[in-house]
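One letter stands for each residue in the lines below.
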Amino acid sequence: MFVIKYIKEVWTAVRSLLKGMKRTLYYFTHHKEIITQQYPDNRDTLVLPERFKGEVVMPHDENNEHRCTGCQACELACPNGTIKVIFKNDLTPEGKKKKAIDKLVYHLELCTMCNLCIEACPSDAIKMAQTFEHSVFDRNQLTKILNKPGSKIMEGVE
Amino acid sequence: MYRETEVIQDLATAGEGDMVINVGPQHPATHGVLHLVITLNGETIKKVEPHLGYIHRSIEKMCESLSYRQFIYVTSRMDYLSAHINNHACAMCVEKGLQVEVPPRAQVIRVLMDELTRIASHELWWGAMAMDLGAFTPFFHAFRERESINDIMEETCGARLTMNYMVPGGVMHDLHPNFQQRVKDFLQLYKRKIHEYDELVTGNIIFQNRMKNIGVLKAEDAISYGCSGPTARGSGVSSDIRKLYPYEIYNKLEFDEVLETGCDSFARYMVRIREMQQSIRIVEQLIDNIPEGDFQAKTKAVLKLPKGEFYTRVETARGELGVYIVSEGGTTPYRIKFRSPGFSNLSVLDHIARGSKIGDLVAMMGTLDLVIPDIDR
Chain A
26 MFVIKYIKEV WTAVRSLLKG MKRTLYYFTH HKEIITQQYP DNRDTLVLPE
76 RFKGEVVMPH DENNEHRCTG CQACELACPN GTIKVIFKND LTPEGKKKKA
126 IDKLVYHLEL CTMCNLCIEA CPSDAIKMAQ TFEHSVFDRN QLTKILNKPG
176 SKIMEGVE
Chain B
585 MYRETEVIQD LATAGEGDMV INVGPQHPAT HGVLHLVITL NGETIKKVEP
635 HLGYIHRSIE KMCESLSYRQ FIYVTSRMDY LSAHINNHAC AMCVEKGLQV
685 EVPPRAQVIR VLMDELTRIA SHELWWGAMA MDLGAFTPFF HAFRERESIN
735 DIMEETCGAR LTMNYMVPGG VMHDLHPNFQ QRVKDFLQLY KRKIHEYDEL
785 VTGNIIFQNR MKNIGVLKAE DAISYGCSGP TARGSGVSSD IRKLYPYEIY
835 NKLEFDEVLE TGCDSFARYM VRIREMQQSI RIVEQLIDNI PEGDFQAKTK
885 AVLKLPKGEF YTRVETARGE LGVYIVSEGG TTPYRIKFRS PGFSNLSVLD
935 HIARGSKIGD LVAMMGTLDL VIPDIDR
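From first to last, the protein sequence lines are chains A and B. With the first sequence counted from 1, adding 25 to any position gets you our numbering. With the second sequence counted from 1, adding 584 to any position gets you our numbering.
Please keep in mind that the hints were generated in silico from the structure rather than gathered at the bench. Careful: at least some of the hints might be erroneous.
[As the list claims (entries may be wrong)] Straight-line Cα separation of at most 30 Å, DSS-like style, residue types lysine-lysine; simulated pairs:
1) 152/A <-> 884/B
2) 888/B <-> 152/A
3) 109/A <-> 882/B
4) 109/A <-> 884/B
5) 33/A <-> 796/B
6) 796/B <-> 30/A
7) 44/A <-> 884/B
8) 47/A <-> 768/B
9) 941/B <-> 33/A
10) 47/A <-> 884/B
11) 124/A <-> 884/B
12) 777/B <-> 57/A
13) 123/A <-> 169/A
14) 796/B <-> 44/A
15) 884/B <-> 128/A
16) 775/B <-> 57/A
17) 768/B <-> 57/A
Please construct the entire structure, taking both the sequences and the accompanying hints into account.
Following this line, the structure appears as structure tokens:
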């Protein structure tokens with residue numbers, strides 16, 4: 026009886042190993058089912074979904090105008106102190122002083138891409154961009170100013 | 585971490601001919617930075633002592649300085665393989681305090697995302713555990729299916745691992761228009777490929793011999809050590825929070841609590857394999873029945889919880905996660921405590937490893953499914 030049990034065990038063992046080998050051999054001969062992508066070579070064809078959270082950007086239109094009113098909602102919503110709004114005083118055509126943003130400083134090195142600032146923004150001034158290759162040699166380059174130089178707020182955005 | 589005096593003390597308690605070795609903090613088999621100090625007699629394990637603190641980031645204390653909207657993103661960094669479920673627990677706890685009713689559509693989306701996360705987490709565990717035992721191929725097979733889940737997450741939530749998709753009152757965005765089709769494609773792929781898992785690993789004689797009767801955890805020990813999730817269910821302890829304390833819409837869904845009575849590593853393995861199929865069942869029930877409506881309840885811009893204590897629990901891929909918030913009525917919590925499943929499951933390692941060979945330690949750790957940032961927080 027022991028011999029029969031022993032032979033049975035050997036038989037099931039060999040069969041289980043062959044079963045796994047068969048699967049391996051299947052993929053060895055079916056190259057089309059391999060799904061690996063060679064990353065830096067496929068940059069041209071790589072399409073990221075539009076919701077992908079890469080970094081915060083501020084869209085400007087053709088007149089170099091943005092929609093940011095400087096309400097600081099994003100600054101308050103950010104858990105890491107990533108965004109800092111710096112103000113200046115603009116002169117309106119009537120000669121009155123008006124508060125406007127000077128710089129919207131964005132620290133990419135502190136950002137965790139949690140999307141809370143974009144949710145908080147009441148005027149849709151900032152959005153997430155689909156870039157993801159953020160590595161630089163100097164960390165100072167990661168501190169960005171989101172509004173372009175000379176830009177001003179769009180007409181009608183309050 | 586492990587001071588010199590402690591090493592000497594450990595050596596002093598070790599008997600004649602015993603050896604103290606360190607596994608980790610940087611060891612490929614510990615999946616992170618777990619530091620185990622193992623006392624050996626020859627090849628037999630006499631004692632396993634986990635030393636924690638290497639990846640301690642003080643998440644609980646950090647949460648106390650953040651508002652109720654902000655602290656949720658931090659919890660993705662605890663158990664990063666079931667980030668959705670962690671966020672879900674926190675969002676649920678805040679909703680409990682605010683007395684907010686979550687819209688039905690948001691509830692369904694949450695459950696769908698939770699179950700997809702659970703499948704992805706078990707896939708990664710399966711591949712990583714087979715790799716611990718020396719089989720490299722299963723890792724790539726597991727990542728093929730996991731990749732398609734990650735793509736679904738990327739499209740809807742905007743991130744692949746730390747999504748921050750659950751917010752108090754619902755979810756952050758509505759589902760992507762492609763979501764249903766992508767999930768159906770994934771279900772088809774999964775059903776076409778699931779038999780490969782059994783062919784490659786489960787039926788393999790080497791794997792079975794290394795798993796059966798190794799790391800035996802009796803039901804009463806599982807209860808007394810506070811194990812939960814698949815670790816406890818492998819010992820036949822019913823501990824599925826989705827069944828015992830149903831949250832969201834789980835009481836309306838048809839699924840079985842997976843129980844195995846083998847008590848060994850193989851039973852814990854089988855629980856996770858079968859649990860993936862139950863998650864597939866839940867996703868199949870919900871994917872065509874997503875109700876229309878709001879995806880987020882209306883909440884105030886600044887959330888203030890009333891004075892009191894709030895506790896919720898959910899079933900993550902590893903076990904029971906509890907979130908305990910003490911509020912003083914302000915905008916930030918007074919105290920937050922997370923009851924993480926990994927910590928209790930790790931504490932049982934010493935118990936099940938004593939007396940077995942050092943080669944089996946990695947297999948036992950694999951079936952406990954340890955995620956180190958979850959243990960240390």
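How the hints compare with the structure:
| no. | hint | result |
| --- | --- | --- |
| 1 | 152/A <-> 884/B | holds (22 Å) |
| 2 | 888/B <-> 152/A | holds (27 Å) |
| 3 | 109/A <-> 882/B | holds (28 Å) |
| 4 | 109/A <-> 884/B | holds (24 Å) |
| 5 | 33/A <-> 796/B | holds (18 Å) |
| 6 | 796/B <-> 30/A | holds (18 Å) |
| 7 | 44/A <-> 884/B | violated (59 Å) |
| 8 | 47/A <-> 768/B | holds (28 Å) |
| 9 | 941/B <-> 33/A | holds (28 Å) |
| 10 | 47/A <-> 884/B | violated (59 Å) |
| 11 | 124/A <-> 884/B | holds (27 Å) |
| 12 | 777/B <-> 57/A | holds (15 Å) |
| 13 | 123/A <-> 169/A | holds (25 Å) |
| 14 | 796/B <-> 44/A | holds (20 Å) |
| 15 | 884/B <-> 128/A | holds (29 Å) |
| 16 | 775/B <-> 57/A | holds (19 Å) |
| 17 | 768/B <-> 57/A | holds (22 Å) |
The structure shown violates the earlier hints numbered 7, 10.
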